[in-house]
Amino acid sequence: MEQGRTETAKPEVAEGWEPRIVGFLCYWCSYTGADGAGTARIQYAPNVDIIKVMCSGRIDPELVSTAFAHGADGVMVCGCHIGDCHYINGNHKTMARMPLLKRLLADLGIEPERFRHEWVSAAEGQKFAQLVTEMTEQVRKLGPLNWPGIMHSRGVGHGQDLRPWGE
Amino acid sequence: MDSNGQVSGKLKIGMYWAASCGGCDISLLEIGPHLLELIQVAEVVFWPCAADFKYEDVARYPDGYIDVMFYNGGVRNSEQEEVARLLRKKSKCLVAYGECAVDGGIPALANLKTPEAIYDASYHENPSLDNPDGTEPQPITECPYGELEIPRLYPQVLRLQDVAHADYRIPGCPPSAERVWEVIQLIVGGKVPLENSGVVVGCYDKSVCDECPLEKRMVKIEQFKRIHQARPEPGWCLLEQGIVCMGPATRSGCGALCIKGGVACEGCFGPSGESEDQGTAMIGAISPLLNATTEDRAAELVNQIVDPAGYFYRFTFGSNILRGRK
Amino acid sequence: MTEAMTRNEQVRGEEPRIGVFICHCGGNISDVVDVRRVAEEIGKLPNVAISTTHMFMCSDPGQGLIQEKIKECGLNRVIVAACSPSLHELTFRRTLNRAGLNPYLFEHTNIREQVSWVVEDKELATRKTTRLIRAAIGRIRHLVPLEKRHIPIHPAALVIGGGVAGLTAARDLACRGIEVTLIERGDHLGGRMADLGHIFPTEDQANDLLRPLIQEVLATSKIRVYTHAEIEESAGTIGDFHIKICVGANGKPGEVVEAHVGVIILAIGLEEYAPREGEYGMGLYPQVITLLDLARELVKEKPGQEFTLNGRPIRNVAFLHCVGSRQHHGVHRPGPQGKINDYCSRYCCTGILHSACELKKRYPHLNIYEFFEDIRAYGRGHEEYYTKASEEGVRFVRFDPLRPPCVEKDPRGESPLLVRSIDRLTENMEVEVPADLVVLGIGLQARDMSKLIDLYRCSVGADRFLLEVHPKLRPVELAVSGVFLGGSAQGPMDITEATAAAAAAGSKAAAMITQGEVEMDPFIAKVNEDLCTGCRICLSVCPYDAISRDEEKGIAIISEKLCTGCGTCAASCPSNAIQQLGFNDAEVKSEVLALLGVPEQEPVGA
Amino acid sequence: MSSPHVKTKEGYKRFSIDPVTRLEGHGKIDIFVDDEGKVADCYFQVPELRGFEKFCEGRPVEEMPRITPRICGVCPEAHMMASAKACDEVYGVELPLTARLLRELQYNIFFVTDHTTHFYALGGPDFVMGPDSDPATRNLIGLIGKVGVEIGGEVIKCRQWGHEAASIFGGKPVNPVNAIPGGMAKGLSSEERARLEEIILFMVEFGKFTLKILHDIVLADQKYVDLILNGPYYHETYSMGLVDEQNRVNFYDGKVRVVDPEGSELCKYEPREYMNHIAERVERWSYLKFPYLKAVGWKGLVDGKESGVYTATPQSRLNVADGMNSPVAQEAYEEYFETLTGHRSGKKPVHHRLAIHWARVIELMNAAERSLELIRHPEITHPENYRVICDKVPSEGVGTVEAPRGTLTHHYVTDENGIVKKVNLIVGTTNNHAPICMSIKKAAQTLIKPGVEVTQGILNRVEMAFRAYDPCFGCATHSLPGQMPLIVTVRNPDGSVKQLIRRD
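Residue numbers (this note's numbering), protein chains in the order written: chain A, 1 to 167; chain B, 1 to 326; chain C, 1 to 606; chain D, 1 to 504.
Just so you know, these hints were derived from the structure itself, not from any lab.
Glycine included, C-beta positions come from ideal geometry on N, C-alpha and C.
Don't take every hint at face value.
[To be verified] With a straight-line cut-off of 25 Å between C-alpha atoms, the simulated BS3-like cross-links for lysine-lysine are:
#1 A/141 x B/326
#2 A/102 x B/225
#3 D/421 x B/225
#4 C/508 x C/472
#5 B/260 x D/422
#6 A/127 x C/339
#7 C/339 x B/260
#8 C/526 x B/216
#9 B/326 x B/260
#10 B/326 x D/421
#11 A/102 x A/127
#12 A/102 x B/260
#13 D/422 x B/326
#14 C/148 x C/472
#15 A/102 x D/223
#16 B/216 x C/339
#17 B/225 x D/422
#18 B/10 x A/102
#19 D/223 x D/255
#20 D/212 x D/223
#21 D/146 x D/38
#22 D/146 x B/10
#23 C/222 x C/508
#24 D/157 x D/294
#25 C/451 x C/508
#26 A/127 x C/122
#27 C/122 x A/141
#28 C/244 x C/222
#29 B/225 x D/392
[Unchecked claim] What the simulated footprint calls covered on chain C by chain A, stretch by stretch (three residues with Cβ under 8 Å from a Cβ of chain A suffice, anywhere in the stretch; the number is not a length):
#30 125–132
#31 181–187
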């Protein structure tokens with residue numbers, strides 16, 4: 001798939017830009033793991049804002065693309081390890097969804113590093129903290145995704161101030 | 001009436017063809033015998049493909065003069081946007097007619113490419129091309145007797161709502177004649193208000209599976225197949241047979257015609273139910289059917305699906321959540 | 001219509017009036033997060049009627065403030081930004097309830113564990129807090145009043161395990177007139193306690209306590225007792241379990257009996273740590289035994305002043321603490337599952353001190369040494385054993401956990417064994433103690449519960465013991481409702497603690513049964529019949545087979561009772577025809593949008 | 001729609017026909033008239049671009065027969081068939097007999113429907129209602145009003161049954177989906193066959209009926225015959241079309257035959273060789289690609305034997321053929337040539353553009369008769385042979401059919417996984433761009449004279465010049481952007497020909 005010459009020109013990074021990463025976490029393992037990181041006072045990057053769901057099985061791919069479409073620079077999906085899902089095997093369903101979701105996002109030009117899917121148990125506060133810091137740095141390297149900006153520049157959603165191509 | 005807009009009792013209707021293929025205009029003729037009923041109660045005041053009214057005639061109409069205006073096709077260039085705005089002004093009820101106007105339709109597949117790439121294909125790459133100087137079109141051209149203007153190509157295919165409010169939206173490529181006639185009766189019969197919020201009509205909320213005659217056997221997908229390589233077993237759900245079918249994620253109302261025609265649903269009525277995005281909906285629909293207990297196996301299976309983006313979003317790149325490619 | 005119901009009806013129609021209450025947590029939060037600034041910024045957002053802070057939101061005055069503001073400002077939605085919801089979500093839901101507001105019009109934002117404790121930079125922490133609360137506002141605008149589910153409970157209980165805990169639980173239930181089925185895998189009731197003699201801290205004979213309990217259990221008609229019995233199958237969920245029990249006779253597979261119960265108590269206990277061949281001389285020297293071996297010895301009253309073991313007179317006894325407990329990576333070899341027991345087994349310190357005193361009482365001339373890491377005699381009447389032992393002249397050597405003592409043959413042959421260690425009490429002096437008997441204070445560990453874990457989808461801790469819902473708030477409940485933890489399947493306990501846990505589990509279960517029904521969180525999935533096509537995709541994703549297809553209507557139906565509210569079906573439905581209450585698309589999506597700073601488009605209300 | 005700020009030079013008047021109507025797609029004509037009232041210049045623009053050739057890259061080739069019909073919803077079957085034939089070649093498969101029969105059958109039934117649409121809804125009204133009639137009535141509805149509801153009913157019935165037939169084959173009446181690489185997605189049951197035969201029998205009658213209408217309303221009216229024979233609508237160009245082994249017209253399959261203005265064969269080639277015979281010219285002063293015959297060469301927008309300009313229309317199909325493959329149509333064919341060239345044999349080509357309407361009706365007749373022959377073929381309902389599995393490694397393929405509006409060619413190159421890498425489309429209407437431009441120019445210059453008031457009737461007659469071709473700019477703009485200026489020679493006062501305008 002070819003890269004566009006205008007649209008994908010990397011936007012210059014604004015002063016004080018910080019990666020915006022949305023983290024969808026299952027309550028029983030990953031969210032508790034994140035709490036664990038807190039209880040252990042493990043310091044990590046503040047860039048991942050957590051959205052709590054009961055089970056990672058609830059994480060509808062639609063939520064992921066919604067996050068990207070509205071300005072997330074990255075999305076992280078965390079659930080219980082295979083085998084210790086609070087809902088027996090809800091996370092198997094998550095697991096089965098990921099490959100197709102990853103592929104679709106890649107086909108739409110979203111760098112693979114911007115979307116991560118990890119298993120984090122209630123005991124793995126340390127791991128969670130590392131993941132967050134690691135991903136934050138990866139996304140920082142890539143720079144802003146700025147999907148709303150891209151679409152705005154193409155006139156999506158507001159025909160009025162369209163800037164026609166070729167002018 | 002004549003083109004000067006002298007008022008007569010009949011409902012004034014029109015149809016415009018924007019970035020689309022004309023299938024919508026044809027589908028309106030599809031109502032067949034009802035056409036004769038229609039012309040008893042309504043008269044055409046603008047329909048380039050079938051009647052001799054010009055833009056200047058429309059411009060002369062007073063605002064809100066047209067009762068119901070069907071706009072088919074997406075918005076790909078400045079002319080289509082200008083006409084959309086003109087027609088919005090002149091019409092009480094503007095209807096986004098057909099998949100292109102509602103969701104972008106097939107032309108919106110262009111949102112996977114850049115305008116430059118499209119120009120290159122047309123002017124620099126075609127094998128049968130004879131273009132030594134590499135000529136490309138320009139928006140305004142000087143000629144000895146004045147200027148000539150061509151509409152400017154927009155960088156993205158938009159749907160009608162992006163440039164003008166649509167009171168109703170009728171999905172489908174093309175819409176189903178039966179459904180359209182139902183809608184026309186409602187509107188013409190004054191059973192629904194002319195002004196509305198852009199409600200989707202001319203289809204059903206449930207998905208194509210609702211109209212699909214094939215049987216589900218609750219078996220998992222072992223392998224994905226492509227239509228030219230497989231003889232699907234008659235009577236059995238195509239998706240379960242590993243042939244990607246958009247049925248589960250697509251509005252019904254068509255009567256599952258493609259499936260009855262022997263091929264999988266390609267999703268031309270847009271997302272079903274309250275989903276906003278056929279692609280992510282299909283992920284939800286396909287993943288549970290994979291015969292995979294590990295992520296690697298799941299990946300191995302779904303990699304057999306060729307071109308998910310192009311297939312899942314064949315008709316909705318004007319309206320899906322991401323609306324195109326980075 | 002009850003008052004609450006009418007209020008709920010009103011709320012559905014109203015524009016959201018949101019109260020945001022931000023907790024300082026006594027500095028835990030406010031030292032890092034500028035909570036006042038956050039309150040100010042949040043106060044400017046649409047639909048926020050009040051945004052304020054308090055030193056301790058969970059305290060009575062804090063909760064009082066919330067209730068007062070609900071009334072004063074006519075709030076119909078409440079957000080508390082404080083610690084983790086796992087700690088106080090329930091607390092605040094109750095607060096709303098007391099104020100006459102539906103408890104599910106509440107959102108708990110975690111700004112302690114997930115902000116102030118993990119972000120140093122005050123500015124970034126403050127901004128993150130604002131984002132998270134903004135997200136909560138996005139979500140809460142769409143929340144609607146929810147009612148807990150009510151599930152009938154069949155008035156009968158199954159108790160698994162015939163040890164002192166199981167017996168206690170069964171007895172307590174029976175006393176309340178509840179039908180109990182008690183199954184024990186082994187051949188006798190009473191479990192491990194039956195092997196013991198005098199027990200701390202009361203010094204009763206174990207069997208003097210156990211016998212009447214067992215008799216009571218066997219006597220009552222309310223309790224069906226099966227030994228050599230194990231669960232074969234279990235169907236159904238809370239309130240309505242159908243269980244097939246295989247009852248064998250001395251190992252031989254026997255007939256299958258069935259039990260229909262509403263609740264289950266797991267009193268399956270645990271197992272002793274089995275020292276490895278050669279660990280502290282175990283298996284190499286007959287003079288090395290475990291604490292429980294010794295206890296079994298002491299049950300036998302021996303005549304005379306001489307303490308003998310297998311005919312050999314004993315003069316020097318060495319006790320080793322923390323064998324198979326508080327293990328360290330690199331120092332101790334992992335067990336079969338590749339895990340070490342890094343936890344404290346809790347009974348052994350007092351157990352050893354108690355045995356030491358017992359020996360001293362019977363054989364005052366014995367020389368007794370204890371090699372310990374720390375003495376943890378934490379329970380009532382436990383410390384006394386330490387004092388007593390010291391007075392009695394028991395000598396204590398404090399070893400270095402990273403260099404534990406070693407047990408070897410005495411080269412000089414004066415005594416069968418030598419225990420060598422460094423003593424941190426005397427500036428790490430090398431000490432060498434002759435021993436005729438070495439007693440290993442072995443720890444306790446979880447037994448293999450894989451079958452039950454599969455059957456009842458129990459969550460398991462890193463220490464391989466079963467995990468309660470919350471150690472403080474719901475200490476004897478498993479996340480899988482209807483199943484309770486009665487004793488040491490949950491972690492190492494002494495008899496006192498195990499019986500207490502069993503009694504607690506018993507009364508919880510009894511309460512549930514006498515209530516006749518349970519309330520469960522309302523976060524279940526619902527099918528929108530107008531949108532559902534009956535495509536069956538959800539049927540294949542439900543982990544609990546809670547979804548079936550109504551062939552008549554051609555749509556999916558979700559069983560309220562079986563649904564546990566994971567929301568997997570909601571995420572799979574291609575038409576979004578399934579919505580999870582409390583986590584529906586509108587709620588979660590606008591949470592995402594608000595988090596990203598997208599202003600709310602569609603109006604909420606009605 | 002030109003925005004007001006577009007300038008017109010001092011001393012000139014601009015007449016805009018915007019949009020040109022009763023054609024498929026978008027068109028606009030700007031005529032500049034100097035103060036003497038003489039046409040200075042005339043521009044024909046098609047303001048549309050959709051970029052199919054590009055966005056089809058990356059799609060699986062087996063999906064092309066379902067995607068490309070959306071190039072034109074008026075003639076979707078044409079694109080589906082051309083695409084499917086290209087796919088067959090990409091996968092190197094030979095179609096079983098039944099598959100071939102089914103495809104040709106579906107295609108001929110489509111031809112009946114499509115030609116009906118054009119004759120009655122698009123082109124017809126000019127004749128039935130008259131070129132100068134009120135534009136508000138100059139359409140199908142007006143036509144029904146004039147010829148009566150029974151006839152109107154017949155027209156609608158023909159279209160309706162045509163689409164019922166289409167849905168029997170392809171599920172969907174518009175944008176069918178049933179042609180796949182290796183044949184058809186579904187066979188024909190005997191019930192379906194019976195119903196189709198019923199429909200086709202009606203169509204045969206309808207064909208005869210339409211021939212009659214043409215005679216009664218057009219050929220019987222001397223002023224129309226004059227218009228056809230002596231009107232401003234005449235160009236001598238090369239003709240192109242598909243023919244079978246006996247050089248008879250075939251819409252679905254065969255070889256491409258080209259004859260010169262006198263009717264002698266220039267070449268006859270396999271579709272896959274199209275690149276050796278035609279090229280698409282891009283002139284610096286034009287944004288439109290002009291296909292032309294390589295063998296003759298590009299001489300600009302001029303007719304005659306020396307110019308590589310050719311037409312691909314019903315008329316040119318009749319010109320290249322030695323006859324029709326069905327009796328009634330053959331009769332009509334002979335009458336047609338006798339009337340217009342004086343030779344029943346048809347060895348002299350017809351160049352009167354308005355007569356394309358007549359040729360179209362003859363094709364309508366032929367398609368109906370051919371359908372009847374095919375539906376009665378014993379193999380048509382074979383339970384298996386409606387398709388074969390494609391197991392060869394895909395590479396490259398060309399598929400050509402006769403679209404109602406001219407020879408249509410799809411050309412695909414794929415990777416070894418059957419993913420499209422390159423697409424080239426030469427659609428029916430594109431073939432005719434040069435002739436269409438020439439016809440409009442000639443019409444404008446002949447009809448708009450000093451001292452003659454430019455009425456909308458006159459402007460409509462200008463439109464009639466291209467309507468004859470039944471151009472489909474839905475098709476033509478599958479990839480073409482914006483403007484297609486029509487450049488005319490501007491005469492010096494002495495009448496000598498000025499240079500063509502170049503734009504830089």
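How the hints compare with the structure:
1. Annotation: proposed proximity of residue 141 of chain A to residue 326 of chain B holds, straight-line Cα distance about 17 Å (limit 25 Å).
2. Distance hint between residue 102 of chain A and residue 225 of chain B is fulfilled; the C-alpha atoms sit about 21 Å from each other, no more than 25 Å.
3. Between residue 421 of chain D and residue 225 of chain B the alpha-carbon distance is near 21 Å, which keeps this suggested pair within the 25 Å criterion.
4. In summary, the hint linking residue 508 of chain C to residue 472 of chain C is supported, as the alpha carbons are separated by about 15 Å, within the 25 Å threshold.
5. With a C-alpha separation of about 31 Å, the suggested pair residue 260 of chain B and residue 422 of chain D falls outside the 25 Å cut-off, and the hint is violated.
6. Between residue 127 of chain A and residue 339 of chain C the alpha-carbon distance is near 19 Å, which keeps this suggested pair within the 25 Å criterion.
7. Restraint check for residue 339 of chain C and residue 260 of chain B: not satisfied, since their Cα atoms lie roughly 59 Å apart, outside the 25 Å limit.
8. A threshold of 25 Å between alpha carbons decides the hint, and for residue 526 of chain C with residue 216 of chain B the separation of about 23 Å falls inside it, so the pair holds.
9. At most 25 Å may separate the alpha-carbon atoms for a hinted pair to count; residue 326 of chain B and residue 260 of chain B exceed this at roughly 37 Å.
10. With a C-alpha separation of about 21 Å, the suggested pair residue 326 of chain B and residue 421 of chain D falls inside the 25 Å cut-off, and the hint holds.
11. Between residue 102 of chain A and residue 127 of chain A the CA atoms are separated by roughly 22 Å; this keeps the pair inside 25 Å, and the hint holds.
12. The suggested pairing of residue 102 of chain A with residue 260 of chain B is violated, with an alpha-carbon distance near 33 Å, which exceeds 25 Å.
13. For the hint pairing residue 422 of chain D with residue 326 of chain B, the CA-to-CA distance comes to about 22 Å; that is within 25 Å, so the pair holds.
14. For the suggested pair residue 148 of chain C and residue 472 of chain C, the alpha carbons sit about 22 Å apart, so the restraint of at most 25 Å is met.
15. At most 25 Å may separate the alpha-carbon atoms for a hinted pair to count; residue 102 of chain A and residue 223 of chain D exceed this at roughly 69 Å.
16. Our distance criterion of 25 Å between C-alpha atoms is broken by residue 216 of chain B and residue 339 of chain C, whose separation comes to about 46 Å.
17. For the hint linking residue 225 of chain B to residue 422 of chain D, the alpha-carbon distance of about 23 Å falls within 25 Å, and the restraint holds.
18. Straight-line distance between C-alpha atoms of residue 10 of chain B and residue 102 of chain A comes to about 55 Å, which puts the hinted pair past the 25 Å bound.
19. Between residue 223 of chain D and residue 255 of chain D the CA atoms are separated by roughly 38 Å; this puts the pair beyond 25 Å, and the hint is violated.
20. Taken as a hint, the residue 212 of chain D and residue 223 of chain D pair is honoured in the structure, with Cα atoms around 18 Å apart against an allowance of 25 Å.
21. For the hint pairing residue 146 of chain D with residue 38 of chain D, the CA-to-CA distance comes to about 36 Å; that exceeds 25 Å, so the pair is violated.
22. Between residue 146 of chain D and residue 10 of chain B the alpha-carbon distance is near 20 Å, which keeps this suggested pair within the 25 Å criterion.
23. The straight-line distance between the Cα atoms of residue 222 of chain C and residue 508 of chain C is roughly 18 Å, inside the 25 Å bound, and the hint therefore holds.
24. The hinted pair formed by residue 157 of chain D and residue 294 of chain D fails the criterion: a straight-line CA distance of about 44 Å is larger than 25 Å.
25. With a C-alpha separation of about 24 Å, the suggested pairing of residue 451 of chain C with residue 508 of chain C holds against the 25 Å cut-off.
26. Taking the CA atoms of residue 127 of chain A and residue 122 of chain C, the gap is near 24 Å; set against the 25 Å cutoff, the hint holds.
27. As the CA atoms of residue 122 of chain C and residue 141 of chain A are separated by approximately 24 Å, the hinted pair is consistent with the 25 Å bound.
28. Taking the CA atoms of residue 244 of chain C and residue 222 of chain C, the gap is near 19 Å; set against the 25 Å cutoff, the hint holds.
29. Under the criterion of a C-alpha separation no larger than 25 Å, the hint pairing residue 225 of chain B with residue 392 of chain D is consistent with the structure, at around 15 Å.
30. Using a Cβ-Cβ cut-off of 8 Å, 5 residues of the region 125–132 of chain C lie near chain A, which meets the minimum of three, so the contact claim holds.
31. Taking a C-beta to C-beta cut-off of 8 Å, the region 181–187 of chain C contributes 0 residues in contact with chain A, too few for the three needed, and the coverage statement is violated.
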